[in-house]
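First to last, the protein sequences are chains A and B. For the record, in the first sequence the residue sitting at position 254 is 254 according to the working numbering, with numbers rising by one throughout. Numbers given in the working numbering equal positions in the second sequence, counted from 1, plus 480.
Keep in mind that the hints are not guaranteed to be accurate.
Pairs of lysine to any residue, SDA-like flavour, derived with a Cα cap of 20 Å [to be verified]:
1. A:LYS22 / B:LYS700
2. B:LYS700 / A:ARG128
3. A:LYS68 / B:PRO788
4. A:LYS68 / A:GLU49
5. B:LYS772 / A:LEU26
6. A:LYS179 / A:ASN217
7. B:LYS634 / B:PRO587
Don't read these hints as lab results, they were simulated from the structure. All of these numbers come straight from a predicted model, not from anything done at the bench.
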Amino acid sequence: MRNEILKVVNVGKVINGTQVLKGLTLSVYEQEILGMTGLSGSGKSVIGEILSGIRSCDEGQFFIAAKKSESGSVRRISERGIYHISKNPCLFSCLTIEENICLIEHGLRTDLYFPAKIQKLTIQEALRSLDIHMNVRATVNQLSLYEKHMVAILRAYYQHAKLIIIDNITNDYTEEEFKRLGNLLLKIRKRGASILFIESMIDRVVSFTDRLVILRNGRDEGILFRNDYNKNIIMKMMVGDYSIPDPVEKNAGNSSNHVLLSALDICSRRFHGLSFSVNHGEIVGFIEEEKIICTDILNLFSGNMELSGGTIRIDGTELNIKAGREAMIKAGFGYVDYYKNSIFPKLSLKDNLTITSLGRLTSRTAIRSKLEKAVVKDLLGRLAIPEENMKKPIKDTSNKEQLIAALYKWILNRSKVVVLNNILSGTDMIMHNIVVQFLNELRERECGAILLSPNTKELYELCDRIYILREGKVIDMRII
Amino acid sequence: MKQDLKNDRESIKNKSMASLSKNLLFSSGYFCIVFYICKDRPVWYFVAFLLVYNIVECFFCASLLKRLQNPIDDMLDTVKKVSQDKYEAQNLRSQAEIFALQSQINPHFLYNTLDTIRGYAMQSDAKDIAVMTESLSTLFRYSISRPGEMATLKEELDNVKNYLLIQQYRFPDKVNYVEEIEDENILNYQMPILTIQPIVENAIHHGLEMKIGKGCIKIKAFRTDSDIILFISDDGLGMSEEKLEELRSKLEKEGDDIYGSPSPGGKKGSGIALINVDKRLKFYYGSQHGLKIRSTLDIGTMIEINLPLMNNSEYESRKEAE
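This is chain A alone, in the form it adopts within the complex:
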């Protein structure tokens, strides 16, 4: 017999006039890892937030352990054993791990010391039973993102959580970290808790879940049990009437031997004689052995690094790295971080696309609006984006359009080298295609790109060349 931990019936939610969830019905059973996936914008995160009380729902019923409950209160929901782990977990960075774990304990006993001895012992026991090796006296600000998530999960386990909602936290995980998370969740399930694992990457969501719910347009349009998992079926359920988009292949062989960007003997506190180059039409990735993501390269090109020696040249012209990001953009660089952070949410799609190229679209003091409109229209036409979205505030458009704005504004700016930091984080298969298409366009235009990602597999898929760094030096270079 399966005991129902959580049941939601016909949940509906409207956000900014858009029906985000419609008639969603879902059950989570005891000792079950339920996966949930769907395209970007299918309502995964919204249902995660509703279940954990961060948002309220407009319609629908909500049962926790067969008792009717109401959404919209994190405290009430957590008191009933449901905990939500988001990408940025709610932890006090100045407190230690054990303090963070014990701080929200219901019915906390007043003691001379905090955490009390019994609490410390319970934490040690929890760590032992879950096989987690962590110095619980370390402060949270010393931890990596993965470790912070561990602390949040451990805190939920310590509070005897009945259901832990893991809400899209693995976007920036390495494969190794993901495996460790999977093992931890399996152990937690074995000890009686249930997990709702919300994830957009299909390969990951099928790896250790018992059952999978596939969302499409805010509805649960597919349920698969573990024996029936099939990647193609899942993808088709995600896209519905549309056919599964063929993966856009990277255009190989476009790169010339002409060097576009070269770094020679770069020396700083982090680098010790670093040299590399990017050719015209080439996508270059960087992997640092000791780090999850190669942040030093990002800092170097963002103008945040003091150099003690070496030169960087773009198209033969020496760069003044210390001049900062604005000067770098003028010199021909473009930057894209996580796409949601690379846009101006209140500006329209058109304004977001042209914001970097206003210099070229301005005549004396006025913007040549006809030209601006024509340029954007042409681009949107090429990318099959409906023209009517052009004037909408970008926050009201789809995630796909937001990603396009974050990327293509650098094409309109005619940037020579685009630095892409973890660009595939939180993207689905359609958005993945947009990124590959963008990189292909850079290749065609004989521009270059520098790609940084915690996911090594992705780097090998997308790049033409990869530099492997150790202790501030290139130790290997692989041509793909």
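Please build the complex by placing chain B on the supplied structure of chain A, with the hints as guidance.
Coordinates of chain B only, in the frame set by chain A:
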């Protein structure tokens, strides 16, 4: 219904108690202060405070009535619905009796004829015809001779197997059938007769018949602490989003009118079998039960049935009501 009435009663009780306790608290506080103020003052002071108290009390009463309006309305609706249910159930029973009387003669003639064909087939060593005829006879006996009855899950599944056996002769090597019952005890669970077979028939008719190659029908059943959950899925043609939406709105619309027969003019392909099953489930178990349809074009369709676990007394009373 009982649960709804109980909930409404609880809600009214809770709201009244909360308001009354607040009122009591306010009154006692108010009079303490009034007595303290008025102890050395003329009596009209007290009269004035009493007047203010009366006005405040009027507001209290008005707000209490306003708060209780919704739960009382709900309760009245539920009571109305219960009496309407009883009246309609009576109507349905009468209709079923008339139907049973009308069809009393024909089925026996049909069964006897089928048994005779089976006998001739066996004599002529036509084994396939004998098996087919037997299956057909059993299928008719199950579906025609027990209208409105309850059947166990096992009987329902056996009926599905019987139906599929006949279909195997029509479409050899076309359908693969898989059954996954997590808990054998649920095989004795009583449910309205002909709940599963029409859905399987629908899956073959609309999902697998036109599919190129072999298809699969899968029935998965398990129990939770309060329900029996059945998943009936096929890997047939599935439905487009538009068609699915149309079917869902039909179920929703027809589900509101659970006593009427399905809309006239329902042609082949309009999901009439599903609507019928959904209506019967809603009639037996309430509007929160019924079918949930999930479908994806070119992938297949999955129907979820959620049946409440009933204890023996509930089941007996249901049987008596029938």
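Structure-based check of each hint:
{"no.": "1", "hint": "A:LYS22 / B:LYS700", "result": "violated (26 Å)"}
{"no.": "2", "hint": "B:LYS700 / A:ARG128", "result": "violated (38 Å)"}
{"no.": "3", "hint": "A:LYS68 / B:PRO788", "result": "holds (16 Å)"}
{"no.": "4", "hint": "A:LYS68 / A:GLU49", "result": "holds (18 Å)"}
{"no.": "5", "hint": "B:LYS772 / A:LEU26", "result": "holds (11 Å)"}
{"no.": "6", "hint": "A:LYS179 / A:ASN217", "result": "violated (30 Å)"}
{"no.": "7", "hint": "B:LYS634 / B:PRO587", "result": "violated (24 Å)"}
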